[in-house]
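**Q** Chain by chain, the residues run as shown.
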Amino acid sequence: MNLNLDAKKGMTYDAIVVGSGISGGWAAKELTEKGLKVLMLERGPDLKHVTDYPTAMKDPWEFPHRGKIELWAAEEYWANARSGGKPGEDQRHMFTKDVDVPYIEKRPYDWIRGYHLGGRSIMWGRQSYRLNERDFTANLEDGHGADWPIRYKDIAPWYSYVEKFAGVSGNKDGLAVLPDGDFVPPMQMNSIELHAKAGIEKNFKGRHLVIGRPAILSVAQKIHTDGGRASCQFRNLCVRGCPFGAYFSTQSSTLPAAMKTGRLTIITDKIAYQVIFDDQKNKAVGVRVIDQNTKQHQEYYAKIIFLNASTMNTAWIMMQSTSKRFQNGLGNDSDQLGRNLMDHHLGAGASGEYDGLKDMYYYGRRGNGIYIPRFANWGDDKRKDFVRGFGYQGRGARQDWVAGASKDGFGPEFKDSLTKPGRWEFNIGGFGETLPDPTNRMRLSDKKDKWGLPIIEFDAGWGENTIGMRKAMMNDAAEMLEAAGLKNVKTRNDNDKNQGIGIHEMGAARMGRDPKTSVLNANNQVWGAKNVFVTDGAAMVSSSCVNPSLTYMALTARAADFAVKELKRMNL
Amino acid sequence: MNRREAILQVALTMGSALSAPSMAAIVAGYQPHRATKRVPSAFALKPKQVVLLDEITEVIMPTTSTPGAKAAKVGETIQLILKDCYKPDQQEHFMKGLDAVEAESQKTHSKSFVELPIDQKTAILKQFEQLAKTEAKQQPKGQEKLAKNPETTLGAFAPAGSDQTEAKLVDAETGAVVKDEKKNAPLIPFFKLVKELTVLGYFSSEIGCTQALEYVKIPGRYEGVVKLKEGQKAWAT
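Chains as they are written, first to last, in UniProt numbering: chain A, 1 to 572; chain B, 1 to 237.
This is chain A alone, in the form it adopts within the complex (with noise of 0.2 Å):
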């Protein structure tokens, strides 16, 4: 009996954090920062900080396929494959095997995962924007979805506290559709980026072009090298993982402050499955794991849980959490859970050349691009076809060998061609809000993993108000591009990629007003099970049109300090 007791005890923390991806980091940061002791759980291996990073530091020429993907690695990788990803040998590694985590789709579904410490904050594309107010009135205003409980005002201050920590590069543009925040110096723009500028900004009234704000430390502040960080080295590689953590992942960032604590522990190659919670108690009393090597089971115990396994994985945890209180999902009295599915349809645009500029060039490889804020249905700017709108990520570059290849001829002089920087070219494609619909939704199919676990059946789509905004994402890029000056303008609208190719998925367990539509409260707690949380993509209300991840972070950093307040007052 005793033994048994001193058993749990050593399973029992103050709190759990169920992944370690860019929520499940700032949660273990803050809640250990807080005093709380915490266990945080990972379903993969370690990935070490540095050391794990075997790419890194590799030159082209290292990579005997150059970049070319093998045969066995575009079946494996069947998702990264089939939605651009390249699963190439510079970077593979840091994805997870679309074969050994299989899932299905009554409706294609691209699903990239990164299942190791760090998760997805390892290879994310780091641009990191703040919803703006409208953004938290969106849904209220037009009808779609459900009103988010919070609003702008509610977030901003834990928007600048998380910019401040994981160091966002930008220039305060001063514009109400994207609010500015707390940055490290902006980036540079080159030649061609400052000259489209120039074009659109006299041309369109109400439409910018600006810097990307991404999470690179441009100047690593004294916050960042007090934490083992540095400047960026600008050699544009960060999906191998930064050797000199400039760029903010769990773990350059979040991990070495809850580490420096000495209240973490990290326990990796564990899938949490289930929440456990108690009728008797009215709440959960901890989580139970399978050993992803050894398929032991084993319980954890905590007062509170943080769910940060990925949006659609912190579903499947609370699909599979069933008692006699839930017995459709830990929190699902709405039925909303695992619907509402979004992400930012992409893959339409335009691009262009220039033949002026001759003579400038740039140095460096930017890991960062520019950006072209929302100005659809914004303002002055009515449109008939959709609601909501759409921004454009984009770049300038001189052509190289790369689209040397493609023309005629060889030998010296095309070799020699190939040497000289070419004609400048610039490419913008659009990122677009989806709205939140129950009927795109991921269930637990009657077929197992070989943890015995259900597998994820998806049954989403992009819905129709894409349709319309995405034939505007393409017009008004050959429209402003043309107006810059640019020839050859091409435009673009792929419209055979499915939902989760912009890696954005958003909404399975929604926040709301009321628990009869809703799965989370405006504190991110479960509602009816008031010490677990959800502050990862699950708990989106809508999707904005920009990355979401900054506002994942707020979310976390907002609900740990909501948390251990509630816990020092004794209501959880």
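With a straight-line Cα cutoff of 25 Å, these simulated SDA-like cross-link-like pairs (lysine to any residue) come out:
1) K205/A - R383/A
2) K227/B - D355/A
3) K197/A - L228/B
4) K530/A - L572/A
5) K86/A - P186/B
6) K83/B - S406/A
7) K153/A - K565/A
Away from chain A, derived, C-beta distances all over 12 Å, residues of chain B:
8) E104
9) Q138
10) L187
No lab work stands behind these hints, which were simulated from the structure alone. Small disclaimer: the values here were computed from a predicted structure and weren't measured. Note that beta-carbon positions come from the ideal geometry of N, C-alpha and C, so glycine has one too.
Given chain A's structure and the hints, the job is docking chain B onto it.
**A** Same frame as chain A, now just chain B:
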């Protein structure tokens, strides 16, 4: 500057941001944490085809003021890429192309291609460049193929029920999932492929990056607006 020097130099400029053991680990090189073993493809060129391929790559990317494709071992790279990244029918098509070049040389000059003077080699490859264009014109365009594939249409309108839990066949070049191998992308004409792989193999080689182009391993800063210097080469990456 080799890798060790480059890393150590950056370590010095960065002060204490990286620990010595971390640096040592990177310099030593590591295996990916998810290394996978695969049964290698049986594809191999015949010895004569190997010599011929080397010769063709050198005509495409010759030695000029900088070393050419042979010095950069482009032929070896192409063989490896063909072996691992292309399907048997494309491999065969490539070998047929090599044999056709040799046959053309024998027919026109009664000599092996490798023995021809450069102008005759160039003339033959020009013929194959033209042939590749004709061949490409006869094939349906990639976009049309994609549009007809039900798996790659806009998700909202795709037919339901494409239940997939197994490995999927993905076209290595386009990334499109194909259900039926016969529906794969049409074969790439010989000259188009050998030229594409020669250009890739050359400019991603150490010689290509560091001699034909300018390679800065660790730029350390970004400057968006820089005057192009007289005779400046393009950046390698």
